[in-house]
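S.K.: Using the sequences provided together with the hints, build the complete structure.
There are 2 protein chains.
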Amino acid sequence: MTKAIENEALQRFTERIALIKSYEEALALLYWDLRTGAPRKGMEVRSEAIGQLSGQSFKLSTAPELGEWLAALEAPDTYKTLTETQQRLVTETRKDYDRSVKIPPKLYQEYVVLTSQAESMWEEAKAKSDYASFEPYLDKIIGYTNQFIELWGVKGTRYDTLLDMYEPGMTTAQLDRVFGGLREKLVPLSAAIAASPHQPDTGFLKQDYPKDAQKQFSKFILEQMGFDFGAGRLDESVHPFATGLSPGDVRITTRYLADDVTSALFGTIHEGGHALYEQNIGNDLIGTTLATGTSMGIHESQSRFWENVIGRSKSFWSRYYGDLQRQFPGQLEVPAEDFYRATNVVRPSLIRIEADELTYNLHIIIRYEIEKLIFNEGVKASELPALWNAKYKEYLGIEPEHDGEGVLQDVHWSGGAFGYFPSYSLGNMYAAQFTDTLERALPNVWELVEAGNLIPIKDWLTDKIYRFGKLRTPSELIEGITGKPLDPDYLVAYLKKKYTDIYKL
Amino acid sequence: MTKAIENEALQRFTERIALIKSYEEALALLYWDLRTGAPRKGMEVRSEAIGQLSGQSFKLSTAPELGEWLAALEAPDTYKTLTETQQRLVTETRKDYDRSVKIPPKLYQEYVVLTSQAESMWEEAKAKSDYASFEPYLDKIIGYTNQFIELWGVKGTRYDTLLDMYEPGMTTAQLDRVFGGLREKLVPLSAAIAASPHQPDTGFLKQDYPKDAQKQFSKFILEQMGFDFGAGRLDESVHPFATGLSPGDVRITTRYLADDVTSALFGTIHEGGHALYEQNIGNDLIGTTLATGTSMGIHESQSRFWENVIGRSKSFWSRYYGDLQRQFPGQLEVPAEDFYRATNVVRPSLIRIEADELTYNLHIIIRYEIEKLIFNEGVKASELPALWNAKYKEYLGIEPEHDGEGVLQDVHWSGGAFGYFPSYSLGNMYAAQFTDTLERALPNVWELVEAGNLIPIKDWLTDKIYRFGKLRTPSELIEGITGKPLDPDYLVAYLKKKYTDIYKL
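Protein chains in written order, with the numbering used here: chain R, -12 to 492; chain A, -12 to 492.
Check before you lean on any hint, since a few could be wrong.
Identical chains share a label here; the pair holds if one copy fits it or two copies do between them.
Listed next, the in silico SDA-like pairs over lysine to any residue satisfying Cα-Cα at most 20 Å (straight line) [unchecked claim]:
1. K378 - T189
2. K89 - G42
3. K380 - F166
4. K28 - A5
Calculated from the structure, these hints are not laboratory results.
M.R.: Here you go:
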């Protein structure tokens, strides 16, 4: 191949990537807007616009010429002349390309319109606890997803095809083992906790906390974490989320509950962890499709690290509890230790996003098992509420009183994100393993937290993880940083240590 | 031509229009977001995305196949089988198509990126009163505009080519006559007003008005006008604007001045007039490029009608002054009549958007003359501050102390909107002429206003103007509704009557 043709392919490939990235930015804003304040009567036209633009972007990502440029750049003599970033762009784009060309554009566009409408319908259905109004949408989304699985081709089980999308290489067989191992070790720990006579008092947490004061404190903590408000914003939505339009525009949302100061607080720190990842991606990746987190599991490791490892630590509250007390004068009069113990209470609950660090993994296992049933056993949307309630009873010993606090609680399925949930527990495991290395790299890390100096932690994570965006795979990161492959025992050890102290086991 | 080919052309043409409309919605949101709260550090990437998407939309609007479908649909035997809406879509699309194919896509895309950056730079330059930082952007925008004029072709003068874009058919020669006529009749009226011993007292207007209370009152008045908050929202920006993403999603912004209750109030009513137009476009036009106002002049007739004819009327304040007083307890103790007179004071001022109804036209004439000089006489960006200041001294007898209250005050030029300003005075003239008909169609119109029943007025305007979107041209509307072509004497008569009462001339 001549040099001129190579250069032409590289240039046009690079331009196409930039164009696709521009569609991603516009679509991220169209979605963000839908969920933070777009007028309801514009929803139908908006969904149409999202469908049209997604269709256009999809066409550009699956165009035959892109296949030709990729083939030209993959030729070994050309590939070796590319920079590391260009090489990874080629590899990542090839993967998406091969996956996407199997979906007919019209089918994909219908699906995007459907999920866009379904997300708004879900918000309403959840508020009214009206599963029947949402079921036909969910049923259709499952139908489309099954069509996609057929088109992509099944390796292992049908559900594996979905898992691979969020955590490359992950399989049902592996997750069965990992989740099995976790359950085996966490169940006795959970039992020991339940039997402890040293149960934290959480009664004082239930009070009226003025929303504006909550909002102010959320902003303050985000600033402490190093969230850059010049490159992001904080808004409200029914289900909190983070979205990175570009590293200079990273948006998070939270939800303020009048009678619970911890919901918005830890929700904000969680989304703030996602946001720190997106804000600190290297400048060299900006404007490319590599300028995002490398996998959902690694992304969740950052939100869970900031929310739980840092945000629910004794050191954190030894520094920030005084600020919180001053924010709600006269409302928090218990000592910092009591607040720390109350926010780390282990207690089976119905709502995943409000669950403690230990039982959280059971919430994930329930969703994982239901998703396996849907795609590997053909379970229908109409069966889900009963299935959901039965599993909650079996694993957590409690049952939802209505679907709003049951099967309707999460946004994920309304967006077609089947295979996503396991990422949360993967995130917990990655986070614990990273923390082990962090504690050796920065031996004074907990003194830094006690001093309210969180920036060196953010900087370490930026150096090791954030700046690489999609340049490193999850396994490259975990092995490169910690020297070992993913090992769930780090999470078990971390939880054991924490709860032994809190519950005096 | 066979029936099958006709149908194929119509179907593909209709799909293309829907696709172009989707880009318009996305771009409107990208701009709205930039101006209401997008993080600054994302600006550069955002501008790039806007440029890319505008380029894509431009390609779709100028594609050879669109030219072929248009030609097929314009064939007389086919054209006569189309519905009225389809016919107008063909005519309007042909006009835009012929105009656009003359601009090379790359040039247009550069221009869009430039104006997107320039609008943000302008905001900063205005805040700092730093014309030097904005001048290079303005200089480049003028350069691009001159290239476009060459490409489009000059009819009459170079500036006529720009005027036609905002008010189809309008020429420099016509505007010289109309503005000449207006000036001739308004100058003696202005002189009589200045000589009147009955000058309104405006001192009481300058107080601290809490921003939240202003915001509440703005929302209240919008509701009274029939603005549908289920199909729109109200936000803040440096320069107030209205944007219709679709009739179900119409957004307005306003700016609250702490020491002036009238600025946000009348600004909101003004943008609310634009919004009523966009919200009440007929359902049959939704998703087509006809779902917007027919011209800038007609659009401005609606904002100026609601702001001035209704919002600054004695009847309006006889109904709403009590509400305003209650909104600012103890702050507005003068009688309604005094408030009415104070908000209708005629006094030369520096800021166009705060000018009174009479001298407002002089602000427009200054901009019109400067734009004519730029494009017909080659005046440069560097000469504008001096030119601006000299004209203000000559026509209004006052001079800006800094460029922030002078040449930098308006957003328009930063977006390349040369030829737009005359629309405002055209709007005043259209509004006065429509009002004359309205008063005969609804003889009790001022009693309705006094009763706070503004909906029949909105309904009349919907029936006569709003629902048609771009289905009618400006001259079809003005002649169809009033039975006469545009005549500036209606505005003169309206102003004479109003000020004769207020100033007891």
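S.K.: Hint by hint, note whether the structure agrees.
M.R.: Going through the hints against the structure:
With identical chains, the CA atoms of K378 and T189 are never at most 20 Å apart, being 26 Å at best within one copy and 71 Å at best between copies. When the C-alpha separation of K89 and G42 is checked against a cutoff of 20 Å, the pair qualifies only within one copy, where the shortest distance is 14 Å, while the shortest distance between copies is 28 Å. Taking the shortest Cα distances, K380 and F166 sit within 20 Å of each other inside one copy (19 Å), while across copies they are farther apart (79 Å). For a Cα distance limit of 20 Å, the shortest separation of K28 from A5 across copies, 18 Å, qualifies, whereas the shortest one inside one copy, 33 Å, does not.
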